[in-house]
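Could you put together the complete structure from these sequences and hints?
2 protein chains.
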Amino acid sequence: MSRFKLTLEYDGTSFCGWQRQQGLPTVQGVLESAFADFLGEPLTVWGSGRTDTGVHAKGQVAHIEISKSYSSSDILGALNKRLRDKPISLLKVEEVSCDFHARFSAISRAYEYKIWNRRAQPALEKNRMWWVARDLCIEAMAEAANYLLGHHDFTSFRGSQCQALTPFKTLDELSIERQNDIVFINARARSFLHHQIRNIVGTLKRVGDGSWHPEKVREILEARNRNLAGPTAPPWGLYLTEIRYDEPHS
Amino acid sequence: MSRFKLTLEYDGTSFCGWQRQQGLPTVQGVLESAFADFLGEPLTVWGSGRTDTGVHAKGQVAHIEISKSYSSSDILGALNKRLRDKPISLLKVEEVSCDFHARFSAISRAYEYKIWNRRAQPALEKNRMWWVARDLCIEAMAEAANYLLGHHDFTSFRGSQCQALTPFKTLDELSIERQNDIVFINARARSFLHHQIRNIVGTLKRVGDGSWHPEKVREILEARNRNLAGPTAPPWGLYLTEIRYDEPHS
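Those protein sequence lines, which keep their order, are chains A and C.
Heads up, the first sequence is in my numbering, so the first residue is 30 and it goes up one at a time.
Heads up, the second sequence is in my numbering, so the first residue is 30 and it goes up one at a time.
Wrong hints could be hidden among the right ones.
Since the list can't tell identical chains apart, any single copy or any two copies may satisfy a pair.
[As the list claims (entries may be wrong)] Each computed BS3-like pair below joins lysine-lysine, with the alpha-carbon atoms no more than 25 Å apart:
#1 K143 <-> K155
#2 K121 <-> K155
#3 K155 <-> K87
#4 K87 <-> K143
No wet-lab data here; the hints were simulated from the structure.
See the structure below:
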């Protein structure tokens, strides 16, 4: 058996998230169908983690195990040919050792959240960014973000469907940057709670637009109460950008 | 009567170009309907020039003349409200003097062409860039582009539907830049022939992928024969970015 690491880009708009679901369009479902068509037999595509409905990926990672002898290049070509009319693209295929697991070998996950911050609604970037018309102060957002860095109980930012065993996570990066009308929020951690980033973004937005003081975010964190934080930011601003692994598993 | 300059963004994918056409979705048609709904009377939206089917705009300019007394801010708000479900956004409204004309006062027009140059097809940027899988050498493309700068007879790059009186144009800028997998081609001139930029891009692409030597572009230009140049690059990579005017007409 040979194992391959896949790096994927997708537009989440038309998918009901990553995970295979009977009768619904999902990224995993489309990939598995494309592989079944290529290989003539079913196979499981193991993702590094799920993405929600509407969330995009520039660097999702998955792995597969196949018995036939194909090269990385064969797989890349065959899959992209079958994905041509789908908003999924296979960026890279690498043969890896059999101890590589897209989910369990991952040491960190990085996401980018994009806010289009201008008065006029987006025409070119619909479903690609969260449109916020009120002026955001990124200095205030960055000050608030600092309270969230490090190891904390993130109950206040945890989605109600979250299946994690504990609400403790370590946030290694949470940076805010503006390029013209676009505000980028970059987050990195070993792993995240369900909706953690979108709940953090919804909260930072309230700080940015002046509704809340930056210190309020510290209070929200310490209160461990989801009702105190801001609303969940929409999925279409969120991009899974990078999964890091310990070492090359080749 | 008051005259207003409008700056517009649109996604050209679902439009049959700029110009109003009975029964077809066009940018001008949608804008005129939105204004008619707002003002309760028909009005003409005068564009700086047409864009073709599928071509996008980040900075198209148009003007309107209205009799009722509305502020720029009123118009911006009222129009964007009516455009919310359309891929058109009004970025800016400025009151201008009555000698301002979006088309005839323009002193230059700038376009950007985006090529996504990587092996894997785009998932996130479908209809936003031209996907070219073969590696492009931008140094060769830049060398070829230099032959096209300045005042020339551009017959070899002129679309068959072109209505310009002469094939002479002055190309003030034609630059090639790469940012990771994206190749940007920026062009600026007082005005362009029909399909001129897309025909130039289709030709430069042949130089970039090694099919043609850069010098061949000089020969093509001098031959004044459309059959010698490359194919017309697809419209979805092209963005009208900026229309410049001589002075503030306020």
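Now for the hints, and whether the structure bears them out:
When the C-alpha separation of K143 and K155 is checked against a cutoff of 25 Å, the pair qualifies both within a copy, at 12 Å, and between copies, at 19 Å. Taking identical chains as interchangeable, the C-alpha atoms of K121 and K155 lie at most 25 Å apart only when they sit on different chains, with a minimum of 19 Å there against 27 Å within one chain. Taking the closest pair of Cα atoms, K155 and K87 come within 25 Å of each other both inside a single copy (17 Å) and across two copies (14 Å). Taking the shortest Cα distances, K87 and K143 sit within 25 Å of each other both inside one copy (13 Å) and across copies (18 Å).
The structure meets every hint from the earlier list without exception.
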